[in-house]
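Chains A and B, in that order, are what the protein sequence lines are. Taking my numbering, the leading residue of the first sequence gets 1, the next gets one more, and so forth. Taking my numbering, the leading residue of the second sequence gets 1, the next gets one more, and so forth.
Keep in mind that the hints were calculated from the coordinates and are not lab data. For glycine and all other residues, C-beta sits at the position ideal for the given N, C-alpha and C. There's no promise every hint is true.
With a Cα cut of at most 27 Å, we get these calculated DSS-like pairs of lysine-lysine [to be verified]: (1) A/LYS315 <-> B/LYS3; (2) A/LYS588 <-> B/LYS40; (3) B/LYS25 <-> B/LYS59; (4) A/LYS315 <-> B/LYS63; (5) B/LYS6 <-> A/LYS10; (6) B/LYS40 <-> A/LYS582; (7) A/LYS212 <-> B/LYS40; (8) A/LYS212 <-> B/LYS3; (9) B/LYS3 <-> A/LYS235; (10) A/LYS7 <-> B/LYS63; (11) A/LYS7 <-> B/LYS59.
A few chain B residues that don't get close to chain A, going by computed Cβ distances all over 12 Å [stated by the list, open to error]: (12) ILE26; (13) GLY28; (14) LEU37; (15) ASP51; (16) GLU56.
Each chain, letter by letter, is given below.
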Amino acid sequence: MSSLTKKQRKDLIRIIIALVMFAVLMICEHAHVIPEHLHGSVAMIPVYLIPYFIVGYDVVRKCFLGIAHGQMFDESFLMTLATVGAFGCGEFEEAVAVMLFYQVGEFFQSYAVGKSRGAISELMSIAPDYANREAEDGSIEVIDPDDIEVGDILIIKPGEKIPTDGTVIEGEGLINTSALTGESLPRPVGTGEQVISGCINGENLLRVRAEKAYDDSTVAQILEMVESAASRKSKTENFITRFARWYTPTVVIGALILAFLPPIISGNFAAEFSEWVLRACTFLVISCPCALVISVPLAFFGGIGAASREGVLVKGSNYLEMMADLDTIVSDKTGTLTEGKFKVAKIEAAPGYREEDVLRVAAAVESGSTHPIGMAIVEACDSQIPQNLITDVENHAGRGISARVGNGVVCVGNQSFFVENGISLPDDRTEADGTHCFVSADGKYIGTIVVADMPKAKAKQAIIDILAEKVRRIVMLTGDSASAAKAVADELGITDFRAELLPQDKVRVVEELLDELSKSSNSKARLAFIGDGINDAPVLSRADVGIAMGSLGSDAAIEASDIVIMDDDLARIPAVIRIARKTIGISKANIAFALLVKFACLVLGALGIANMWAAVFADVGVAVICILNSMRMLAKR
Amino acid sequence: MKKKYKLIDLDCANCAAKMEDAIKKIDGVTDASVSFLTQKMMIEADDAIFDQVVQEAVKCIAKVEPDCQVVLK
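With the hints as constraints, model all of the structure from the sequences given.
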């Protein structure tokens with residue numbers, strides 16, 4: 001219980017004192033310590049008022065302050081009116097009990113909300129507390145992250161948080177990005193590389209030059225985003241706030257009618273009035289709107305928190321809600337579904353040659369190349385030929401490259417390069433998709449290396465998972481040729497793709513798909529676009545939900561999108577859909593449960609079956625249960 | 001200008017919704033939110049009258065929940 005705030009501890013003490021006094025009073029009454037004729041008489045009022053005020057003085061005070069400020073119909077007002085009504089009817093026990101249990105409920109409510117708030121701030125505990133700045137004379141001072149200036153040299157000791165985005169100028173090591181990306185494998189960094197604030201330094205000391213002030217750093221932006229996420233409300237949240245606005249006054253009017261109408265009709269006003277006033281008081285207790293108002297946003301708050309633990313930032317509850325109704329996902333190809341860089345996809349050797357030799361000589365020729373295809377070939381080869389054996393490198397722009405390797409002449413190039421050089425190519429070559437690089441040694445064809453932009457390793461499984469989450473359709477868009485697009489689509493199991501698109505064409509395609517969706521029978525169906533966030537900004541903003549991938553440290557991507565996936569793992573998308581569905585499920589269950597219990601109590605209260613105790617449960621009890629239900633969102637998977 | 005303030009002892013979710021409504025109605029406020037969960041208030045208003053708007057907002061909050069305090073930095 002050490003996590004209680006000062007106010008909560010004070011409230012708890014008041015509740016316990018009042019509870020004890022109330023229990024003693026009840027025992028005295030039922031054990032006939034108090035004379036029979038005093039039961040329910042005016043003389044007992046002061047006695048009951050003592051525990052009543054101990055536990056409820058703040059409620060009564062707030063009620064009067066509220067009335068003075070013209071703020072009627074708040075919880076304090078309703079509870080005070082209900083309990084005063086009960087006193088008026090001679091039900092002293094009931095009045096004290098209602099106030100007591102109302103406060104107990106409020107206490108639990110505040111405790112539970114505090115807990116879940118704590119759980120979320122723990123998730124978001126990425127903000128650095130301090131920074132070590134190295135002065136010109138080499139001394140180190142500890143400063144507030146806010147005081148970091150661009151260009152400052154910061155020392156990051158092992159285990160410390162990186163305070164702002166910067167470049168490593170000395171030291172290398174592994175940094176833990178899991179708080180930001182959800183990725184548990186540490187990322188290696190070395191001199192000259194970028195580091196992102198909020199990551200935790202591993203075993204080695206790093207000297208980093210600050211590239212951004214703290215306020216512009218990744219961490220500050222993420223925190224800002226998560227905090228303001230609550231202000232972009234989902235439809236469910238807006239519905240419940242609107243509902244609460246008319247719910248309370250309606251029930252209060254109902255209570256008034258209930259107090260006066262039945263006794264007037266029955267004609268025996270004097271005898272029945274107090275019974276009906278009591279039923280009306282039950283109404284007043286139930287009419288408190290807090291259980292409803294709190295249950296929904298808390299579920300969304302939890303959902304956003306759960307997503308951020310996965311390394312996914314959701315910019316508002318509304319986007320989470322739309323993710324739950326996802327019908328179509330439109331995805332960019334290069335860099336999103338594929339690695340975004342060339343890799344050797346296939347090597348074919350001519351009869352009598354080995355594949356590794358083909359690759360090795362090609363890599364030797366390309367070793368100084370800056371062309372993406374050449375670099376891919378070099379990268380794929382792990383047994384380098386010593387540089388001093390490679391001479392006479394000649395670049396034939398757009399066609400190929402040739403060099404002397406040892407005593408032989410090696411050519412690597414496209415078909416026209418080989419035709420020019422009079423080297424014949426066999427007809428039964430591989431038909432693998434991608435760019436074909438032919439390799440010859442001393443004028444003789446020895447093999448083909450196919451270089452392609454490969455789909456991401458986890459992309460296929462992610463697509464399967466997305467389709468399993470009842471997403472009806474996945475469409476791939478690309479500026480690439482139709483054959484390259486088809487190859488990737490086939491590999492990933494995507495049936496629908498549009499190729500050879502210019503950036504503005506992508507917007508047009510998304511608009512067409514949105515149009516189709518709006519005409520479909522399901523008006524709630526939503527479309528999401530997944531892109532890298534840099535080239536796709538217009539499309540990201542046009543889609544219902546714009547999802548930017550691999551955006552760690554990219555301001556533009558964070559700005560343009562609605563959901564930001566910090567690393568480039570596509571598997572986060574089905575995970576977010578699941579989180580979104582669970583959030584919607586919980587918030588709907590909360591609404592249904594709260595309304596059901598409240599309406600049931602209203603009906604039973606009007607009939608005189610449910611008393612004020614039941615009403616208190618319908619108010620605060622329901623709120624606590626809804627909060628606990630919402631907290632499931634934050635539970636570890 | 002857009003600024004955030006921490007709220008202390010904001011005790012009820014419905015009060016937060018009421019505060020938000022009231023603050024949004026203040027002249028010069030372009031956007032505002034009061035979050036019960038983060039216990040924070042966000043106000044976006046014209047620079048020229050910002051301080052005045054914040055003063056108004058503090059009054060609105062005191063009206064809805066007398067015990068709730070705004071931490072003015």
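Cross-check of the supplied hints:
no.: 1; hint: A/LYS315 <-> B/LYS3; result: 18 Å, holds
no.: 2; hint: A/LYS588 <-> B/LYS40; result: 26 Å, holds
no.: 3; hint: B/LYS25 <-> B/LYS59; result: 13 Å, holds
no.: 4; hint: A/LYS315 <-> B/LYS63; result: 31 Å, violated
no.: 5; hint: B/LYS6 <-> A/LYS10; result: 22 Å, holds
no.: 6; hint: B/LYS40 <-> A/LYS582; result: 26 Å, holds
no.: 7; hint: A/LYS212 <-> B/LYS40; result: 26 Å, holds
no.: 8; hint: A/LYS212 <-> B/LYS3; result: 21 Å, holds
no.: 9; hint: B/LYS3 <-> A/LYS235; result: 25 Å, holds
no.: 10; hint: A/LYS7 <-> B/LYS63; result: 21 Å, holds
no.: 11; hint: A/LYS7 <-> B/LYS59; result: 23 Å, holds
no.: 12; hint: ILE26; result: 16 Å, holds
no.: 13; hint: GLY28; result: 18 Å, holds
no.: 14; hint: LEU37; result: 5 Å, violated
no.: 15; hint: ASP51; result: 21 Å, holds
no.: 16; hint: GLU56; result: 14 Å, holds
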